[in-house]
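Chemist: Sequence:
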Amino acid sequence: MMGYKVFINGEFVEEKNAKFFIDDVGFLFGYGIFETMRSFKGYIYRLEDHVERLLDSASFFNIPFSLSKEEICKQVYKTLNLNLLKDAYIKIILSGGLYSGKLGSPLKGRSLFIIRVLPLESFSDRVYTEGVKATFSSIRRSPFSPVVKHKTLNFMENLFARKEAESKGFQEAIFLNTEGNLCEGSITNLFIVKKKKVITPSLSSGILPGITRKAVIEICARLSLVCEEKSVKPEELFKADEAFLTNSLRGILPLIEVDFKKIGEGKPGEVTQLLMKEYEKEILSKANFPRFL
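Under UniProt numbering, the letters of the sequence shown match residues 1 to 293, in that order.
You may find that some hints are simply not true.
Think about it this way: if two alpha-carbon atoms lie no more than 27 angstroms apart in a straight line, the pair counts; the simulated DSSO-like pairs of lysine-lysine are [unchecked claim]:
id: 1; residue 1: 102; residue 2: 16
id: 2; residue 1: 267; residue 2: 281
id: 3; residue 1: 277; residue 2: 196
id: 4; residue 1: 41; residue 2: 262
id: 5; residue 1: 74; residue 2: 19
id: 6; residue 1: 168; residue 2: 262
id: 7; residue 1: 91; residue 2: 281
id: 8; residue 1: 267; residue 2: 230
id: 9; residue 1: 197; residue 2: 102
id: 10; residue 1: 168; residue 2: 267
id: 11; residue 1: 41; residue 2: 91
id: 12; residue 1: 233; residue 2: 78
id: 13; residue 1: 19; residue 2: 91
id: 14; residue 1: 163; residue 2: 233
id: 15; residue 1: 197; residue 2: 239
Honestly, the hints are just simulated from the structure, not real lab data.
With the hints as constraints, model all of the structure from the sequences given.
Modeler: Here is the structure:
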């Protein structure tokens, strides 16, 4: 197995030699943030959007960090190219610093900043041609919690919900919020389509402002498709003509069934397939002109 290099606080080291302080608050308490994305033929789709979200979260959680957006983007590409990867899984991690010994006290020491790249595992074509099946999670999301709007290292709710879903034979878990409205998946954002109108839960529902979600909204505008962000009841999902999920690694995934109930005809819908094609077209067109190289 090839030894990949990881970027840690300004230095490249072999993964097996990577070290961090045991009293790092990201490790101790999950106090930190992260971003995941992928590269296509050496091009990282919407890298700047991911980095902007990371920096916004760092500011919100008062995590000290000095690198600019442009500097981070350059280091991500440098890490990708150093490891000779074209189609890769990319993760950026920023921890909150070192534990001061007292909860609530200001953190001490330098924040841990990591860029890691690995070969991207291929996804089955069946999830795109046949769609995926999901279940409602037993966990409810609070629309008033600021944490759900950020990708934090405390990802336990998401992992628990996903494991719960997979143990029942489903491929994704869908969260409802405490008001009973639709939120998002454990690693995805959710969209439904009714009479050619695209609908997605609003940010105020208690969801992550997904990067691929943002891309789909922009593609809808370009195609003159109505896309509405609003509170969405679970029954609207089952009355929809089609539904789909979005994720930065997997792109657009048709959602055909939830808790054994078919969505529409129980197969990838017309609008979903159109958006999938436009999404792929956008990536391939930009892959020929990558920035930050």
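Chemist: A separate judgement is required for each hint: does it hold in the structure or not?
Modeler: Right, here's what the structure says about each hint:
At most 27 angstroms may separate the alpha-carbon atoms for a hinted pair to count; residue 102 and residue 16 exceed this at roughly 32 angstroms. For the given pair, residue 267 sits about 22 angstroms from residue 281 by alpha-carbon distance, which is consistent with the 27 angstroms threshold. For a cut-off of 27 angstroms, the pair hint linking residue 277 to residue 196 stands: about 16 angstroms separates their Cα positions. Pair hint residue 41 plus residue 262 does not hold up; C-alpha atoms about 36 angstroms apart against a cutoff of 27 angstroms.
Proposed proximity of residue 74 and residue 19 is supported: the alpha carbons are some 23 angstroms apart, at most 27 angstroms. Of the pairs offered as hints, the one joining residue 168 and residue 262 holds, with about 17 angstroms between alpha carbons and a cut-off of 27 angstroms not exceeded. Restraint check for residue 91 and residue 281: the C-alpha separation of about 24 angstroms stays at or below 27 angstroms, so the hint holds. For the given pair, residue 267 sits about 25 angstroms from residue 230 by alpha-carbon distance, which is consistent with the 27 angstroms threshold.
At most 27 angstroms may separate the alpha-carbon atoms for a hinted pair to count; residue 197 and residue 102 exceed this at roughly 51 angstroms. A threshold of 27 angstroms between alpha carbons decides the hint, and for residue 168 with residue 267 the separation of about 21 angstroms falls inside it, so the pair holds. With a CA separation close to 17 angstroms, the supplied pair residue 41 and residue 91 stays within the 27 angstroms bound. This hinted pair does not check out: residue 233 and residue 78 have alpha carbons roughly 45 angstroms apart, beyond 27 angstroms.
Distance restraint check for residue 19 and residue 91: the Cα-Cα separation of roughly 17 angstroms lies within the 27 angstroms cut-off, and the hinted pair is therefore satisfied. Restraint check for residue 163 and residue 233: satisfied, since their Cα atoms lie roughly 24 angstroms apart, inside the 27 angstroms limit. A distance of roughly 13 angstroms separates the Cα atoms of residue 197 and residue 239; the hinted pair therefore holds under the 27 angstroms criterion.
In summary, the structure is inconsistent with hints 1, 4, 9, 12 from the numbered list given earlier, while agreeing with the others.
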